[in-house]
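Q: Given chain A's structure and the hints, the job is docking chain Z onto it.
Chains as they are written, first to last, in numbering that gives the first Met the number 0: chain A, 0 to 1038; chain Z, 0 to 481.
Be aware that a few hints might be false.
DSS-like mimics (lysine-lysine), calculated; alpha carbons at most 25 Å apart, straight line [what the hints assert, rightly or not]:
#1 K77(A) with K102(A)
#2 K864(A) with K470(Z)
#3 K411(Z) with K524(A)
#4 K864(A) with K98(Z)
#5 K92(Z) with K956(A)
#6 K956(A) with K98(Z)
#7 K180(Z) with K196(Z)
#8 K98(Z) with K443(A)
#9 K956(A) with K470(Z)
#10 K602(A) with K33(Z)
#11 K443(A) with K92(Z)
The set of hints was computed from the structure by calculation and includes no laboratory data.
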Amino acid sequence: MNRQKICLLLLSVLVFLGQANAATLESTFFTRSDQTPPEEVTITGVVLDAKTAEPIIGAAVMLKADMARGVATDVNGKFTFTAPKDVSELEVSFLGYETQTVKVNKQRDLKVLLMPTSFEIEEMVITGMQRKKEEAFTGDYRRVQGEDIIKINPNNVLAALQAFDPSFRILDNNSAGSNPNALPEFRMKGDVQLGTGIDPGNMDIMLGGIANLPNMPLFMLDGFEVSLQRIMELEPERIKEVVILKDAAATAVYGSKASNGIIVFETKAPMPGKLNVIYSTNMGLTVPDLTDYNLMNAEQKLEAEWLAGFYNPNNPTQMNTYNRYKADVMRGVDTYWLSQALQTPLIQRHTLSLQGGATELRYNLSLSHNRNPGVMKKSGRNMTSFNFDLTYRTGKLNIVNSLNLGDNVGNNSPYGSFSQYTRVNPYYRMYDDEGKLIKILDVKNRGVGESSAIISNPLYNATLEHKDRQRSISFTENIMMEYRFLPTLRLSGNLGFIKTFANSEKFLSPNHTSFEIYKDIDLTKRGSYDKSIGEATTWNGNVSIDYNLQKREHTLTMFGRWDISSRVNNALALTAHGYPNEHMNDFLFGFDMPNRPTGGDSKTRSIGLIGQVSYMYATRYSVDLSLRTDLSSSFGADNRLAPFWSLGGRWNVDREKWFTRNDWISELSLRSSIGVTGSQNYSPYQAIQTYTFNHFMHPYVSSDVIGAELMALGNPNLGWSSTLEKSLGVNASFLKNRLHASFSMYDNYTDQLLVDFTAAPSVGFDSYIENAGAIKNTGYQFNVSLFLYENISERIQWIVSLNGANNRNRVEKISNSLEAYNRAALENKNAAPPMYVEGESTSRIFLVPSLGIDPATGQELYLNKDDQPTFIWSAADKRAVGDSNPDLHGNINSSFTYKNLSLSCSFMYEFGAQRYNNTLVEKIENADLAYNADARVLTERWSPDNREALYKAINIKGQSTNASTRFLQDYNEMRFSAISLSYRFEPGVHEFLNRLNIGSMTLSGHMNDIGRFSSIKQERGLDYPFARTFSCSLSIVFK
Amino acid sequence: MRYIHFPYTMLIVLLMLTASCSDWLDVRPDTEIKEEVLFSTEEGYKSALTGIYKRMAKQELYGGNMSFDFMEKLVQRYDNYNSWEVSNADRAKLYEYDKDDNARYSLATIWAEQYTTIANINNILKNLEEQGAEVLDATLFDIIKGEALGLRAFIYFDLLRLWGPVYSIDPGLKSLPWRDKLSSEQVPLMPAKDVIKHILADLDQAEELLQDDTLDGVVDHPFLQNRNLRMNKFAVKALKARVYLWSGDTSNAYRYANEVIETSGLSLSTDNKRDPSMTSEYLFGLYVYNMEEELKDIFPPSTSGLLTSTPAPSILYISIDNGRDVFEVGRLGVNDTRYKNQHGFLHANNRMLLRKYMAVSELSSFTKDRVPLIRLTEMYYIRGECGSLEEGVNDLNTVRKTRGIPSRFNLKADGSFSREMLIDELNKEYQKEFFGEGQWFFFLKRHNMETFHRCPLQQGMRDFYVMPIPKAEQEHGLGSRE
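If we strip away everything but chain A, and leave its shape as in the complex, we get (with noise of 0.2 Å):
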């Protein structure tokens, strides 16, 4: 129904504004002269590149003998202008090309072509804080053009961009699956520090809170720092580019927030001209990945059942019940419960936006609505946002707002997680004979001394009433304001704001099986609601100032930026239980309360100072000085950090006099910067020793006061814990320019890491932070595109482009605390070998080494430290046996272009490194037969009939494995991510676009996350399932 609506709403809105584009467009303010006095004449013509014939959007064209009077070119780079009769001569121009001027003869249809003023010229890093050419820039980044991560991905821009870089990586997250509502975790580094997953319900993250999650990456947009969620509502079609940076000298003005590395993204600007409409959409499917899922079947789980011993044949009443199962089996019971809460549906996303304006005022004025709707039923995020966005820009002041608010709401399935439904017997049917539901399924006896397990129908509760969401609004409002005092001198100023409102609400009926066991004694604890709220205020401001000073061969750059910003939240939830009937589904008609509101309050402010000096000789050399200093109430109002800094050097040895350019290789420069940054996830103040009474709310009868007791054990002695990044990079073109390659290596020096380390339990703390020493990360990085086939003319191109990664990390000294620890291990003949140990990496697996199930007893066989097998399994025999990091990962991607028409597809791989498999212990040998296991409990188990099998005898609750290399397995990946082929219709070659006022329009269609090779074989997505996607995308542009 809704979903109807909408699209009837966005068709209505489409058609009127087709008319309102016929009628109004030619009284539209922007031209200057809507009355043509009878001297003027119209001249129309295009705009193109001299060198690729692509048209020039914006470009400038104005009157020479009156500067004042102009117009814009359109999408398809053409323009039409009023000129008085005399005229004689244009100016066209546009940024990063050679201003041309053009004589008028009789021509009045004009075909102008503009030389870029420089290959390089053109080329600009935006750092989320100054624009810097790309020839003097002397950090490590990778720039992602907007529309080539369309083309990987339409529907989730983040996991495109993993493509184009292998050092960005979203972890997979095996539990979560392909959960709409679930937030991705990063990795940027190397080295994956301590995390634990990002619950999307939490409140502080709802609101945008990013300050404590160990890995996620700082992202910018337009020169704001911004929220994750904004970053998953920004439509594909509105970025222009997006920008990485990587080491040192790119992210050093970041200061202590570039730990986990910067992305920056920027949107595109108004297009000028009167007004613009344009509509895209993507619509798809995405369908459910059982693939890795190998579960038994009725029969199989019975006999699987017979083999453990639930049924004695001397005991009548267990014989009964197997009887009644495989009665229920004959009679051809076998449940798939599997697909019972899953479905196909439709994701859709649809974007109009109106813009237009002329050189100096600019708007664009955007809606978007985002339905994206999980595999599993119900579950689903849908998102709306509109943007209102105002350009004013004249020879000296230059002022961007953009406005933006947000709506997010996020429903969770009623059908429950989906490790219910892999765990079900298939030999339960889900209805009765009255073709009802079967509430509860089976109360199955584990035998003496277990407690039985009572079965529930998980479709059951997915009938009853239900509240699971969240939602989210925020209102962001972002100014720009640039003033040039002089051509080399530039003052300017930011300031942002932004509001964010959350709720979340979750109802479980009083029907609700989770309540089974208030059955007979309370009703007043049937049903449960959830209801939490909270809001945030963010400012930030920032003063920079811009020095450019250019004379003969050297260039100087100063830059000094002052910023400040402050972020408060606060949060309350409730919890309240007792609704008798379902229908009293508000939070209002709950018996009472059982616990007490919880929240939080929390403020944060910051004080940045930033300085940059860039010299740059001859476009040959250029050497970058950054500086930061920050100053924040996270880090205690008396510690001040040390200044992090950074410094660079480019040479860019093509531009050197001796250097000729030639077929071989044409384009060389490279690049090294040293400098240091941030790198903790933990900051000395949360060392500090704080109490809280959080736990002890309620009296004690003898005491007038409420108790207190120690959050968790400090640390006096830890210091700041920093990196010393050094770098060095190589960029280079070769064959005509048909192969671009860069490789770039690093060697990361963190000092003082901090660590999360376990404490034995008589400290009295499960974990204190520690310093663990030094840790040194090294690897390389590369990036080859090659042009296969390039053929100008006939537009047509194909690019195949590889890059990959490596990462290798060492302790490099460890703190004396660790070394004494390590000590007492050593001498324990029961301590669990060290974790860290100079000279050794981090990420290394720790498991006693197994010689498999032995033949005769059906034990495990472990090989003790004496290299004795033995069948004691003991945490001190753990040996590093593998890593958990892979020798190389990166993507291959591929995109050709043939006239209109492309087709581009991207893969991932990953080889080299081990994981220690779950589903094996789990599923098959720690498996409760209570519930449905992997299909290989039945057939590789160890019997005396079977005694080479590879896992131990079956059993009734599973057996209790200890951790060994018997589940350890290489780990080598191949990932097809993505496909997609796109067409675009252009007026010129398709003549029913003109019929329907149409400028361009591009169709496309794409399948993404299509298949997964891998040596493992494990079940993925537990809670949720995985899901490929298959989805359509359409652009318009209306003229």
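A: What follows is chain Z alone, placed relative to chain A:
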């Protein structure tokens, strides 16, 4: 050239701006408080000490595991097994402390939680030393320090009673890491006899500091009310009696038990109908907020929970046969108030349910939500065990009389009455008196009893009195007994 100076001037201005904002940056999260701020006020010390009692009252410790839960399951108190007959072998699984999930988990929890409490106590003591005298008046300083030391001794003693040796056999066994300051330092196990020394040293100091304390508290001083719910002077003395008895020093044990009986002003209670946990006998107990409500699934206050054919697995009931054996109904009759329906237990459907922690309607706010840790009866038992046979018989008869056992069953210290018989009677008394209080196991362990009522172990209990050091402790290179 004029303009070149401009950026520098700006930079200097910005630097000055930055330098003056440290106040603006000093914001603190509202839900926590820095240690140094907490301990800068009297209220902070009071809160930190109150926090210790609240911690101890958690279900993981004395509000569950250390009272009616794990400690009582160790001595096979309850009958809440699944429908059919339970074999001895099934019940004996618990004693495979390293393998059985329940035992392993409970022991690891007790170990970790007790040490977290100790860490909190150590931090109070550290702050008292460093700045306490400036913040607190002398009375409060002595009370807080005395209580903290007494509590540390109390907890270490319970750790020692679980993880330490049967003291009479192997007092040199390495038992526990003794941590008296908050740090992540590696501390190896300390032999039991040294732990006893440290405990006694703490208690001596506590006794000294609390010498002016009374059980009545101080009028109009809201922090010094209900002293029996705090580590008061008599709790310290009673604990000393316990510790001395454990370490075999019977004369000191006698002395302290006697002193408590004579001077505490408490008397044995006869009413466990309206006061099932006998709060009027508390030398030391804990207040557990909303306890009866929280434990409703374990000790439901109505008989309906017992009447169904298979009561919910959470209900810790015993069968009537078991109850009759424990309270020797066949020999001593049904008048023992610790057994009687609506007194010690709720009887229904041939099952009995302990009333000590039950939300019964007779409870007043002075008797509800409390867990006993040391009761006066134990002092009678200790004095009785350490004195002469006559005194022992006297003390036992005194207790039995208040519990409703007719005087015709009184014990007599005639020629046929031996010390073994006294210990045997004491054993039965501990079993009856401390039902659901976690003390019986310690009596069995102290006497290295070979077996006990319903002991499921064929080989006897002697190999199972010493708990294994938790794995997590060992994996950190600690916890070696050698």
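Q: Keeping to a limit of 25 Å between CA atoms, is the pair of K180(Z) and K196(Z) held or broken?
A: Holds: K180(Z) and K196(Z) sit about 17 Å apart, inside 25 Å.
Q: Holds or violated: K602(A) with K33(Z), Cα cutoff 25 Å?
A: Holds, at roughly 16 Å.
Q: Between K864(A) and K470(Z), does the CA-CA distance stay at or below 25 Å?
A: Holds - the C-alpha atoms of K470(Z) and K864(A) are around 18 Å apart, at most 25 Å.
Q: Just to be careful, I want the Cα atoms of K98(Z) and K443(A) compared with a cutoff of 25 Å; is the pair within it?
A: holds, 24 Å
Q: Within a Cα-Cα threshold of 25 Å, do K443(A) and K92(Z) meet the stated pairing?
A: holds, 21 Å
Q: Going straight from one Cα to the other, do K956(A) and K98(Z) come out at no more than 25 Å?
A: holds, 14 Å
Q: Within a Cα-Cα threshold of 25 Å, do K956(A) and K470(Z) meet the stated pairing?
A: holds, 23 Å
Q: Checking one constraint from the list: CA of K92(Z) to CA of K956(A), max 25 Å. Satisfied?
A: holds, 15 Å
Q: Can you confirm whether the C-alpha distance between K864(A) and K98(Z) stays at or below 25 Å?
A: With Cα atoms ~22 Å apart, K864(A) and K98(Z) stay inside 25 Å; holds.
Q: Would the pair K411(Z) and K524(A) pass a check requiring their Cα atoms to be no farther apart than 25 Å?
A: It is violated: about 55 Å lies between the C-alpha atoms, which goes past 25 Å.
Q: Checking one constraint from the list: CA of K77(A) to CA of K102(A), max 25 Å. Satisfied?
A: Roughly 17 Å separates the two Cα atoms, so the pair holds.
In terms of the numbered hints stated before, the structure departs from hint 3 and from no other.
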